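Enquirer: This is what each chain is made of:
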Amino acid sequence: MNNFRSLRILDKFKSVFQAFGIDYSAMRTIVGLKLTMDERRVPVIFSQTKLKEGNQFIKSLGLYVLYGLVTIPFLFFGDSLMLQLGLVYGIAMFMIMTSLIADFSSVLLDVRDRVLLAAAPVNDRTLNAAKLVHVCIYMTLLTIALLGIPAIVMLATKGIVFFLLFVVMLFFLLLLIIALTAMTYMIMLRVFDGERLKDMINYVQILLSVGIFVGYQVLIRSFDFVGLSVTYVFKWWHFFIPPLWFSAPFEWLIGGNSSTSLIVLTIAGIVIPIVAISVYIRKMPLFERDLQKLMSEARDGKRQRAFLMTLWERILCRSGEERACFRFSWQLMKRERDFKLKVYPSLGIGFVAPFLFLYIFLEDATLKDLAESNTYFMIYFGFLIISSLTMMLNYSGKYKGAWLYSVTPITHASVLKRGALKASLAQLFLPVYLLQALIFGVFFGWRIVPDLVIILISAIVYAVVCYSIVSKDTLPFSRPMGESIQSGTAKQFVLMLLIGGFVLVHIIMSKIPYGAAVYALVALIICWLSWKTLLPVKKKTIIH
Amino acid sequence: MQTEPIISMRNLVMEFPGKRVLDGISLDVYRGQIIGYIGPNGAGKSTTLKILLGLIQDYKGTVEIFGDDLKKENQEVKRRIGYVPENAEIYDTLTPMEYLTFVGELYGLQRTVVEQKAQELLTVLGLEDVVHTRISSFSKGMRQKVLIISSLLHDPDILFLDEPLSGLDANSVMVVKDILAMLAASGKTIFYSSHIMDVVEKISNRIVLLYNGKIAADGTFDELKGQGELGSLEMIFNQLTGFDAHEQTAKRFVELVTGGERIE
Chain A
1 MNNFRSLRIL DKFKSVFQAF GIDYSAMRTI VGLKLTMDER RVPVIFSQTK LKEGNQFIKS
61 LGLYVLYGLV TIPFLFFGDS LMLQLGLVYG IAMFMIMTSL IADFSSVLLD VRDRVLLAAA
121 PVNDRTLNAA KLVHVCIYMT LLTIALLGIP AIVMLATKGI VFFLLFVVML FFLLLLIIAL
181 TAMTYMIMLR VFDGERLKDM INYVQILLSV GIFVGYQVLI RSFDFVGLSV TYVFKWWHFF
241 IPPLWFSAPF EWLIGGNSST SLIVLTIAGI VIPIVAISVY IRKMPLFERD LQKLMSEARD
301 GKRQRAFLMT LWERILCRSG EERACFRFSW QLMKRERDFK LKVYPSLGIG FVAPFLFLYI
361 FLEDATLKDL AESNTYFMIY FGFLIISSLT MMLNYSGKYK GAWLYSVTPI THASVLKRGA
421 LKASLAQLFL PVYLLQALIF GVFFGWRIVP DLVIILISAI VYAVVCYSIV SKDTLPFSRP
481 MGESIQSGTA KQFVLMLLIG GFVLVHIIMS KIPYGAAVYA LVALIICWLS WKTLLPVKKK
541 TIIH
Chain B
1 MQTEPIISMR NLVMEFPGKR VLDGISLDVY RGQIIGYIGP NGAGKSTTLK ILLGLIQDYK
61 GTVEIFGDDL KKENQEVKRR IGYVPENAEI YDTLTPMEYL TFVGELYGLQ RTVVEQKAQE
121 LLTVLGLEDV VHTRISSFSK GMRQKVLIIS SLLHDPDILF LDEPLSGLDA NSVMVVKDIL
181 AMLAASGKTI FYSSHIMDVV EKISNRIVLL YNGKIAADGT FDELKGQGEL GSLEMIFNQL
241 TGFDAHEQTA KRFVELVTGG ERIE
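Same order as they appear, the protein sequences are chains A and B.
Using UniProt numbering, read the first sequence as starting at 1 and increasing by one per residue.
Using UniProt numbering, read the second sequence as starting at 1 and increasing by one per residue.
The following block holds chain A by itself, in its conformation from the complex:
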């Protein structure tokens, strides 16, 4: 386990680590152990099936290579180096940071290190260095996968100077990303404690993922695609868009535009990451100490009441079992952080997406045009929430608790599934949809109300279709969370296409006189039939 290529490269810098007072051989052993564990990170389910060979993370890098290819066109289309590279760095920052947040917060926030390793004679400095090296190894791999090919393209077409500048600025970008992520956690650790803290970190993770998505959109918008060929004009708020710090030296040194603002941006791109990372390194012991809070027990003995969900439970569920599962599901969804981390970002994106497209429409139209158009069909983009939501209903961080289902006298598996699906829709989809519908109502007026009702019914049909496909032979919350990443990308894609089908039928029906009324009725019948056939309660379908 001590023969990883990355470790052998690390050996070359042995003296550097030792200069910082780090016990190099101890650090190497720790990092080697972590890498070995990562290779086995995919949970093996129940049975003693053969361990999957190889590092699952490394295998997933293939996908990042694909994402990286997207950046190549930006290198060639346009006359403004500032904007082109701003986009490339923006994409890189988005991809790397989301990956860091989604996959590596567990590394940054690992408290087991404290218990298991601190008992051995390893000093804190070495422990922290090991943690940092571990994260850096992965970030390097990720970055190479993402930007390796684009960098070679640069070397071949733009020359060695361009290439080197790119690599140097990329290095500073990576420093900034590590420091930014770690410092966010650090501040969180200072302010909160215990369970509340874990919740807060969870929300920050979610917020960051959504924020990065939205920020990315703003980045593209602000450049106004056509405007890529226009000369770059500095505006004061560009100072707050980090990717531009890193693209500024290109405009300055290679583009030959030596305005003060560009120089200031360049300096920011070098100084801020260095300052940030050195602050992080200095504060690291503090960080580690605060990590202790994650282990502390909290005893908040208050019973939580939820009138709204209790009301929904009364309205939506018929049998006692279904009610039990409804309540169980929403309590789990509310608490389980892994679940929230996977689902809430898609809630945010599903919420924002329709408005984003309205915004694009508004760029060459007035509000009045908008109100008269049929762009309200954009609200269908909110359905994106449903496919990922229903998928995640299968998973739980505590999936082993699912022995309960086989021990208890459950009459039908579908009853549980119904309860879980209804709970997820009522708790997560409905609030988002209602808010969207309200805002759309303000934009488009009363005339779209019938359509909004139809769309809601369609959503319920869509949900049951999605769920019955992804939950075949699986009870709610009974699969390990880690599995969710690998399975179902193809399924997800097909389900997404299905949304198009709903839109198409709706548009056609809306062209026919009285079509909306007829369609509403038909949709309602389909809705009833789909629940009846896809999650049947009559037939015996117990899964063990």
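Worth flagging that the hints you see were computed from the coordinates, not collected in a lab.
All of these numbers come straight from a predicted model, not from anything done at the bench.
Watch out, some of these pointers could steer you wrong.
[Unchecked claim] Derived pair list, reagent style BS3-like, types lysine-lysine, alpha-carbon separation capped at 30 Å:
#1 B:Lys-117 with A:Lys-398
#2 A:Lys-511 with A:Lys-400
#3 A:Lys-400 with B:Lys-72
#4 B:Lys-177 with B:Lys-202
#5 A:Lys-532 with B:Lys-72
#6 A:Lys-400 with B:Lys-177
#7 B:Lys-60 with A:Lys-400
#8 B:Lys-71 with A:Lys-472
#9 A:Lys-340 with B:Lys-140
#10 B:Lys-117 with A:Lys-334
#11 B:Lys-214 with B:Lys-177
#12 B:Lys-72 with A:Lys-472
#13 A:Lys-400 with B:Lys-117
#14 B:Lys-177 with A:Lys-472
Could you slot chain B onto chain A? The hints should help.
Expert: Chain B only, in chain A's frame:
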């Protein structure tokens, strides 16, 4: 005094790829018995429990509970069974109250009834302060108490317990031991597996020893003692499983720890 067996296994065989875990087990269990099911690691104790619970179904042989063949998958049987699994796997983001309510409802109890019963049972076992605290912050013993309550909420006739006392402190162990004895006295059947011989010795009124997939001994503690003429269940266990090298093993271990110094 014994009439119809509550649990009846005939030639129970269970094979995992490359390994025969249970090799023809036949056993009748009667009302009011506390069966201590013991055996070395990997002897098939948990597998037997899982088969009895319907968690594993591709076994050979017949298993009947209340005279019902398990292969018929009669869900009603489950209503009369309680189970405490090994390792305390539980949806621990819930509070004990939420979890117990859910379990109770799956057993078909009214929510208000379960809530009250859970509250009272939690209070009796000293968990009244943490009724609405997430289970994830609990110690192993506290989790174990929650699981024990969850297995008894619906007042089952048979109780399957897999290492029920693990993590409990000395006082709680005494309480649970008494609970089990009283439940058995009231006519319930308890089938439980454990590694802790002292406890098995004290609370079981019948001990079944599993070794290499077969029943190596079956009887009361006194009967087992009569066979082996040895003092404690631990020693009987060692004898029946052909293990008499504990002293040598321990000695060798300590020698290795201390770097080869021989101890006498």
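Enquirer: None of the hints should be skipped; say for each whether it holds.
Expert: Hint-by-hint comparison with the structure:
1. Taken as a hint, the B:Lys-117 and A:Lys-398 pair is honoured in the structure, with Cα atoms around 26 Å apart against an allowance of 30 Å.
2. A distance of roughly 51 Å separates the Cα atoms of A:Lys-511 and A:Lys-400; the hinted pair therefore is violated under the 30 Å criterion.
3. About 26 Å separates the Cα atoms of A:Lys-400 and B:Lys-72, which keeps this hinted pair within 30 Å; it holds.
4. Simply put, B:Lys-177 and B:Lys-202 have alpha-carbon atoms about 9 Å apart, close enough for the 30 Å limit, and the pair holds.
5. Distance check on the hinted pair: A:Lys-532 and B:Lys-72 sit about 26 Å apart at the alpha-carbon level, within 30 Å; holds.
6. Of the supplied pair hints, the one linking A:Lys-400 and B:Lys-177 holds, its CA atoms being roughly 27 Å apart against a limit of 30 Å.
7. A C-alpha spacing of about 26 Å is found between B:Lys-60 and A:Lys-400, which places the hinted pair at or below 30 Å, so the restraint holds.
8. Distance hint between B:Lys-71 and A:Lys-472 is fulfilled; the C-alpha atoms sit about 23 Å from each other, no more than 30 Å.
9. A threshold of 30 Å between alpha carbons decides the hint, and for A:Lys-340 with B:Lys-140 the separation of about 26 Å falls inside it, so the pair holds.
10. Under the criterion of a C-alpha separation no larger than 30 Å, the hint pairing B:Lys-117 with A:Lys-334 is consistent with the structure, at around 25 Å.
11. A threshold of 30 Å between alpha carbons decides the hint, and for B:Lys-214 with B:Lys-177 the separation of about 27 Å falls inside it, so the pair holds.
12. For the hint linking B:Lys-72 to A:Lys-472, the alpha-carbon distance of about 23 Å falls within 30 Å, and the restraint holds.
13. With a C-alpha separation of about 26 Å, the suggested pair A:Lys-400 and B:Lys-117 falls inside the 30 Å cut-off, and the hint holds.
14. Of the pairs offered as hints, the one joining B:Lys-177 and A:Lys-472 is violated, with about 43 Å between alpha carbons and a cut-off of 30 Å exceeded.
Consistency note: the structure conflicts with the earlier hints numbered 2 and 14.
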